[in-house]
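2 protein chains.
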Amino acid sequence: MIKFFLPLTFLIVLLSCTNTEKPLSNDLVKANWQETLPGIWKTVINKGETYNFIDQAPVAPKVEAIKKLGNSGFPLDKSSIEIKVINGKTYISLPLKKEEQIYGLGLNFKSLDQVGKVKRLHVDHYNHRDDGRTHAPVPFYVSSLGYGVFINSAQYIDVYVGTGVKKDNPDAPKPRDRNTDPNWESNPYSNAVEILIPSDKAEILVFEGETPMKVVQRFNLFFGGGVIPPKWGLGFWQRTPTLYNNKEVMKEISDFKEKNFPLDVIGLEPGWHSKSYPCTFEWDAERFPNPSQFINQVDNESVKLNLWCNPYVSPSSSMYDKLMPLSGSHKVWGGIVPDLNMEEARNIYGDHIMKNQISLGISGFKVDEVDGFDYWLWPDVATFPSGVSAEQTRQTYGLKFMDMVTDLYRKQNTRTYGLARANNAGGVAMPYALYNDQYAHQDFIAGLANSGFNGVLWEPEVRESDSAEEWLRRMQTSCLSPMAMINAWGSGTKPWSFPEVYEACQEIAYLRMQLLPYLYSSFSRYYFEGIPPFRAMALEDSYNSERKLIKKELDHTDNPYQQALLKENLTQYMMGDNIMVAPMFTGMKEREVILPKGRWFNFYTGSFMGDGEVITVAPPVNQIPLFVRDGGIIPMIPPIRQTSEWKEGTPLTLRVYGNAPAEFILYDDDGKSYDFEKGKYTTKLLKADKGVGQIKDLQNNSSWTYGEIHWEFMTKTNVPIK
Amino acid sequence: MIKFFLPLTFLIVLLSCTNTEKPLSNDLVKANWQETLPGIWKTVINKGETYNFIDQAPVAPKVEAIKKLGNSGFPLDKSSIEIKVINGKTYISLPLKKEEQIYGLGLNFKSLDQVGKVKRLHVDHYNHRDDGRTHAPVPFYVSSLGYGVFINSAQYIDVYVGTGVKKDNPDAPKPRDRNTDPNWESNPYSNAVEILIPSDKAEILVFEGETPMKVVQRFNLFFGGGVIPPKWGLGFWQRTPTLYNNKEVMKEISDFKEKNFPLDVIGLEPGWHSKSYPCTFEWDAERFPNPSQFINQVDNESVKLNLWCNPYVSPSSSMYDKLMPLSGSHKVWGGIVPDLNMEEARNIYGDHIMKNQISLGISGFKVDEVDGFDYWLWPDVATFPSGVSAEQTRQTYGLKFMDMVTDLYRKQNTRTYGLARANNAGGVAMPYALYNDQYAHQDFIAGLANSGFNGVLWEPEVRESDSAEEWLRRMQTSCLSPMAMINAWGSGTKPWSFPEVYEACQEIAYLRMQLLPYLYSSFSRYYFEGIPPFRAMALEDSYNSERKLIKKELDHTDNPYQQALLKENLTQYMMGDNIMVAPMFTGMKEREVILPKGRWFNFYTGSFMGDGEVITVAPPVNQIPLFVRDGGIIPMIPPIRQTSEWKEGTPLTLRVYGNAPAEFILYDDDGKSYDFEKGKYTTKLLKADKGVGQIKDLQNNSSWTYGEIHWEFMTKTNVPIK
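These protein sequences, in sequence, are chains A and B.
When we follow the UniProt record's numbering, the leftmost residue of the first sequence carries the number 1, and every step to the right adds one.
When we follow the UniProt record's numbering, the leftmost residue of the second sequence carries the number 1, and every step to the right adds one.
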């Protein structure tokens with residue numbers, strides 16, 4: 001629970017004079033914006049909702065880091081924000097400029113800019129539409145103009161992002177005759193983002209930021225900053241098929257060794273529980289007769305074990321009877337739904353997991369089915385003993401489960417890293433990547449871009465493929481994501497399932513391992529500064545994110561309203577501060593890449609690629625197009641198979657790209673405990689200019705040091721500034 | 001306004017003893033079921049919602065007709081209905097048996113049985129999912145066991161149709177291990193339909209019925225019974241392209257005459273208004289310089305004119321300023337949204353339409369864009385001067401507009417018939433067929449089947465086609481629907497656009513004209529008895545509507561939960577009591593037809609086709625498969641081009657099918673006024689047995705009579721009873 005806000009705002013109900021055009025203006029509520037932290041203002045209506053994201057947040061704000069972001073004052077015209085309370089609901093209208101873009105409002109997969117969309121934010125399995133139903137429907141948006149808005153409500157919130165045009169809007173486009181005026185628009189400009197909260201209690205927060213990135217940072221830091229996964233979490237993951245037993249798992253591990261493919265984590269899918277769907281969280285005696293011995297065996301191979309689960313408890317579990325009175329009114333697949341808003345339920349559940357899995361050495365969980373679908377989970381008419389509504393429970397169940405498990409690991413000062421199918425506001429510090437069953441490669445990449453707006457991590461897993469080409473393309477992006485993973489639960493695929501591309505798969509997996517220092521440092525910025533390690537180009541200051549509309553021909557069956565198509569850059573993303581990824585998809589021989597302003601260089605060769613322009617690349621099949629910014633330093637280690645090899649004496653190569661003076665903060669720590677939170681970490685300031693590099697220790701608290709450090713200046717030519 | 005209910009139920013809040021499994025049982029509300037009309041019970045919670053469908057219903061119940069349906073008492077176990085009020089919301093749980101099917105809950109296009117679905121009933125353009133967003137999201141369901149439930153709320157209602165399994169459900173399926181038990185189900189049986197009303201005020205009605213059909217009848221009669229369209233409305237409709245002028249329209253009419261194709265109505269699409277999107281409801285002076293003269297000219301050709309519109313009023317309209325203070329807070333395409341819940345707004349709007357269109361002889365309207373999408377219409381945060389919420393206004397806007405227009409016609413004792421894109425509960429008496437932009441032929445037919453559960457008419461229009469075959473297939477079904485229409489607004493297509501199938505198109509259009517006495521009599525049953533003229537097979541008493549599930553293979557990307565597929569009969573429907581339609585779709589050379597129990601005969605030949613079995617038919621391309629029940633009488637007239645030819649002296653053929661004793665009530669009236677409501681109509685009881693027919697006048701109040709009447713016994717052989 002975070003308790004740092006100022007006393008509650010006094011609410012003044014404005015009884016303003018009515019006129020015919022504003023008949024309900026007496027429902028207007030005067031907002032009293034109070035700055036709660038530098039650059040973060042809130043207004044509270046009717047004391048706010050009792051159950052909300054801020055009170056439930058697992059981690060406290062990073063106040064000092066927020067202060068460092070600067071603050072140039074309330075970013076909006078206060079008089080342009082209108083709040084009404086009508087019949088028990090709160091209506092909010094926030095200003096929207098004509099060229100403004102609105103990002104966030106949940107983990108989207110088809111779009112970045114949400115203007116023109118109507119969204120009902122609702123935790124669910126993503127269902128092919130950016131309509132608010134998604135794995136992380138975070139009620140937060142960031143504007144391209146550099147501010148953010150957060151609604152502190154765990155109810156389903158309706159958001160109209162520049163759709164409705166208000167009658168009293170002085171900037172409303174003039175009506176046009178659709179039949180004779182080619183400039184008629186199906187979606188005319190609206191000057192507002194309008195929000196409906198189904199409660200007369202509400203809390204709205206506004207985040208300032210010089211740039212959209214600063215806003216995202218402030219939001220992330222407000223909820224405690226991002227996660228630094230344990231090092232093993234950034235190695236390669238393989239999830240074995242359903243019903244695999246201990247011997248099959250050991251065989252899988254040895255196959256990886258024999259085939260010389262990276263492997264840090266084995267994920268066990270359904271079959272390790274004695275029963276699942278619903279689950280027991282007790283080992284199956286036949287497939288895993290001696291879990292402790294098995295886990296040690298795996299550990300001896302320097303491999304961690306992650307366990308699939310869903311949180312619905314089977315009657316065959318020994319915790320079932322105890323949890324029964326502490327669970328919701330409805331079952332899921334015959335399992336009870338423990339009320340994770342009750343401490344007693346969390347304790348029983350946590351003790352059971354601690355005793356049966358964590359204490360034996362299990363490294364973490366994959367939390368399935370905390371998202372949807374509606375027809376599987378509890379209905380909104382379900383009740384829970386805590387009194388928290390079914391709706392609020394749905395919105396936060398993934399978050400609560402992750403929090404419960406993370407707390408258990410924290411108690412033994414061990415980091416965990418896992419997967420979950422739902423997160424929400426306040427979950428930025430949760431060491432979990434989101435995933436789903438959707439499996440559309442392009443959407444997976446758009447998810448990576450979008451994740452950065454919402455304070456979540458997204459994992460574009462590989463399951464199977466129709467062709468070797470697709471397999472490779474998917475492997476390339478999975479290896480350049482928060483979690484490099486094959487999920488072979490149903491297919492039994494291996495990295496070598498398509499022999500013709502196996503070498504290329506090895507290449508990209510080993511490249512990921514070489515990039516570990518860079519990745520790890522990028523995650524440290526997530527933690528310390530709130531900068532998402534994976535994010536859309538729109539968060540780059542130098543990126544031109546002007547809205548591009550493509551006018552469409554009228555089609556009287558398929559597009560009867562001649563809606564324009566928004567052309568967005570959904571296929572590029574930043575990995576850390578210096579590397580831009582522009583994946584190739586199946587069937588592509590070449591692709592366009594939009595280079596932000598500033599010089600950009602080929603990651604593989606160091607050669608100049610362009611500056612603020614659209615280029616076409618046609619890379620060899622084994623190379624995913626990667627671009628490094630001018631003055632980008634990429635710290636790399638030799639190709640290792642397991643993160644355990646990243647240790648005392650590991651040589652370090654510092655690649656430098658371009659001609660501009662370069663700087664990078666290299667981060668390191670023990671890679672597994674929470675000691676870094678107490679200052680036990682190392683940061684080195686790397687600087688390079690004109691072929692000369694230097695290293696300065698900023699903080700030196702690690703237990704080990706790199707071996708030989710080698711500067712490699714990748715760019716040989718001097719490119720004139722445009 | 002209907003005012004016939006008994007005084008309000010006293011609410012007793014049961015403070016039952018709590019136990020750990022039912023922690024919130026003190027929120028339970030005791031229902032007091034009162035029979036308001038024979039076989040119709042209601043319970044009211046906290047006085048019910050102020051704005052609701054029953055109070056807003058345009059037509060009063062047909063009490064006498066309801067009485068005739070019989071009544072065998074409250075159809076459910078009252079103790080199995082649970083109502084709770086929690087935090088301002090009403091939670092309702094109604095029983096659901098294992099094999100029970102639930103129909104209705106809106107105009108669906110992909111399914112009939114709604115069990116297993118979660119729906120949020122919300123007026124919208126149908127968007128390819130039966131999720132409650134549709135053109136008529138009627139909060140009413142009818143059970144295959146013969147009862148119905150209606151929620152009298154114009155808010156968005158959430159319905160969980162047998163999805164959530166309650167913890168205290170004694171019939172809950174036992175949990176299974178998904179990995180080892182092949183009988184694991186992704187959707188285990190739930191014993192409840194659960195409903196969430198976002199209000200602490202609610203009204204629930206239960207409808208009794210010996211059969212699902214009786215329930216539907218009772219529901220339809222409760223809202224006044226169905227519509228009898230004017231006769232011209234059942235002729236052929238052609239909608240001319242956007243921006244057509246008076247001369248082009250006259251040319252179209254003469255082309256139809258020359259080509260010898262039926263034509264009763266010309267629909268004018270955008271372009272007749274001086275401005276549209278938003279609309280003026282004033283004639284364009286260039287395209288229609290003399291509307292009155294033009295309408296008379298059209299009338300001289302025995303053709304009616306229907307006008308496209310949407311209700312959003314352009315600033316260029318002379319009624320704009322007057323309506324401005326009586327309109328909602330938001331605009332649609334720059335037009336104001338008159339608050340049709342304000343009498344003053346309706347009067348201004350109605351006067352304008354009366355003066356400019358109706359009084360000149362316009363026969364009706366096509367009411368566009370009263371459904372959605374959300375990003376075009378007003379947001380739920382809009383406000384309206386009547387104080388009715390944006391949500392309730394959205395749910396009823398189509399209904400209100402139809403009601404306003406119908407009232408104008410009623411004032412001059414003229415029937416209208418038109419199209420609208422939204423309807424809802426209480427709109428069964430509205431003389432409008434629903435339509436949309438979806439244009440999927442199979443879905444259109446499923447819509448016809450579904451319409452009968454919801455008290456609405458659905459029109460599967462023809463726009464264009466990729467092939468002559470598709471054109472014909474679509475023409476065939478449009479001609480066997482509530483409205484036979486080509487909507488050529490964008491394509492400019494004509495019935496002869498595909499010359500290779502023109503004769504076949506003529507055939508089906510003329511067949512519709514021949515069937516007019518049958519169709520008109522079927523509509524009379526809609527009016528008098530609430531029997532939908534177009535409906536799903538499941539409403540046939542002899543139809544076996546057992547649920548059929550097809551077990552699917554596990555697909556770890558496309559069907560990871562191995563969900564079974566529901567096999568439903570979405571491609572057959574009843575037209576009136578005697579004709580079953582089983583359309584052919586593009587690409588089909590043959591098709592399966594499910595024949596209900598009882599002997600069925602080929603409409604074209606009279607030959608026996610089968611009895612309670614699945615047959616395969618491979619008809620000639622010009623024939624849409626039509627089946628007539630045993631003892632079915634089909635009254636037909638000669639092929640006429642216009643309904644004006646259906647008059648004094650028209651000969652009548654009475655086709656008789658099968659061997660069973662046959663009966664049919666032939667209905668007739670003046671075809672245009674409301675005089676039939678005062679008894680000015682004719683009904684004749686047609687009876688036939690063993691090759692002998694007889695006619696008995698039941699009521700004889702028509703102004704004209706048929707000429708020669710000829711009995712035609714289609715079935716020559718005696719088919720033994722199975």
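In short, the hints are calculated from the structure, not lab data.
From a predicted model like this one, the values you see are computed outputs, not experimental measurements.
Some hints here could point you the wrong way.
Result set (BS3-like, lysine-lysine): computed pairs, CA atoms no more than 27 Å apart in a straight line [claimed, not checked]:
no., chain 1, residue 1, chain 2, residue 2
1, B, Lys322, A, Lys167
2, A, Lys687, A, Lys597
3, B, Lys494, B, Lys548
4, B, Lys110, B, Lys30
5, A, Lys201, B, Lys355
6, B, Lys251, B, Lys89
7, B, Lys98, A, Lys84
8, B, Lys690, B, Lys647
9, A, Lys110, B, Lys567
10, A, Lys84, B, Lys89
11, A, Lys89, B, Lys551
12, A, Lys597, A, Lys690
13, B, Lys89, A, Lys89
14, A, Lys322, B, Lys174
15, B, Lys494, A, Lys552
16, A, Lys89, B, Lys84
17, A, Lys257, A, Lys84
18, B, Lys167, A, Lys322
19, B, Lys97, B, Lys174
20, B, Lys551, B, Lys567
21, A, Lys201, B, Lys89
22, A, Lys201, B, Lys201
23, B, Lys201, A, Lys47
24, A, Lys89, B, Lys494
25, A, Lys174, B, Lys322
26, A, Lys257, A, Lys672
Stretch by stretch, here's where chain A covers chain B in the computed footprint (C-beta under 8 Å, at least three residues) [what the hints assert, rightly or not]:
no., segment
27, 105-118
28, 631-641
Glycine included, C-beta positions come from ideal geometry on N, C-alpha and C.
Evaluated hints:
1. B:Lys322 - A:Lys167: Answer holds: B:Lys322 to A:Lys167 is near 15 Å, not above 27 Å.
2. A:Lys687 - A:Lys597: Answer holds: A:Lys687 to A:Lys597 is near 22 Å, not above 27 Å.
3. B:Lys494 - B:Lys548: violated (41 Å)
4. B:Lys110 - B:Lys30: It is violated: about 37 Å lies between the C-alpha atoms, which goes past 27 Å.
5. A:Lys201 - B:Lys355: With a Cα-Cα distance of about 48 Å, the restraint between A:Lys201 and B:Lys355 is violated, given a limit of 27 Å.
6. B:Lys251 - B:Lys89: Roughly 59 Å between the alpha carbons, so the hint for B:Lys251 and B:Lys89 is violated.
7. B:Lys98 - A:Lys84: Violated - the C-alpha atoms of A:Lys84 and B:Lys98 are around 46 Å apart, more than 27 Å.
8. B:Lys690 - B:Lys647: Judged against 27 Å, a Cα distance of about 30 Å means the pair is violated.
9. A:Lys110 - B:Lys567: Roughly 32 Å separates the two Cα atoms, so the pair is violated.
10. A:Lys84 - B:Lys89: holds (21 Å)
11. A:Lys89 - B:Lys551: violated (45 Å)
12. A:Lys597 - A:Lys690: The hint holds at about 21 Å.
13. B:Lys89 - A:Lys89: holds (13 Å)
14. A:Lys322 - B:Lys174: holds (19 Å)
15. B:Lys494 - A:Lys552: holds (26 Å)
16. A:Lys89 - B:Lys84: Holds. A:Lys89 to B:Lys84 sits at ~21 Å (cutoff 27 Å).
17. A:Lys257 - A:Lys84: Violated. A:Lys257 to A:Lys84 sits at ~63 Å, over the 27 Å cutoff.
18. B:Lys167 - A:Lys322: holds (15 Å)
19. B:Lys97 - B:Lys174: Satisfied, since the Cα-Cα distance of roughly 16 Å is no more than 27 Å.
20. B:Lys551 - B:Lys567: holds (10 Å)
21. A:Lys201 - B:Lys89: holds (16 Å)
22. A:Lys201 - B:Lys201: holds (20 Å)
23. B:Lys201 - A:Lys47: holds (25 Å)
24. A:Lys89 - B:Lys494: violated (51 Å)
25. A:Lys174 - B:Lys322: OK: A:Lys174 and B:Lys322 at ~19 Å, within 27 Å.
26. A:Lys257 - A:Lys672: holds (23 Å)
27. 105-118: holds (count 3)
28. 631-641: violated (count 0)
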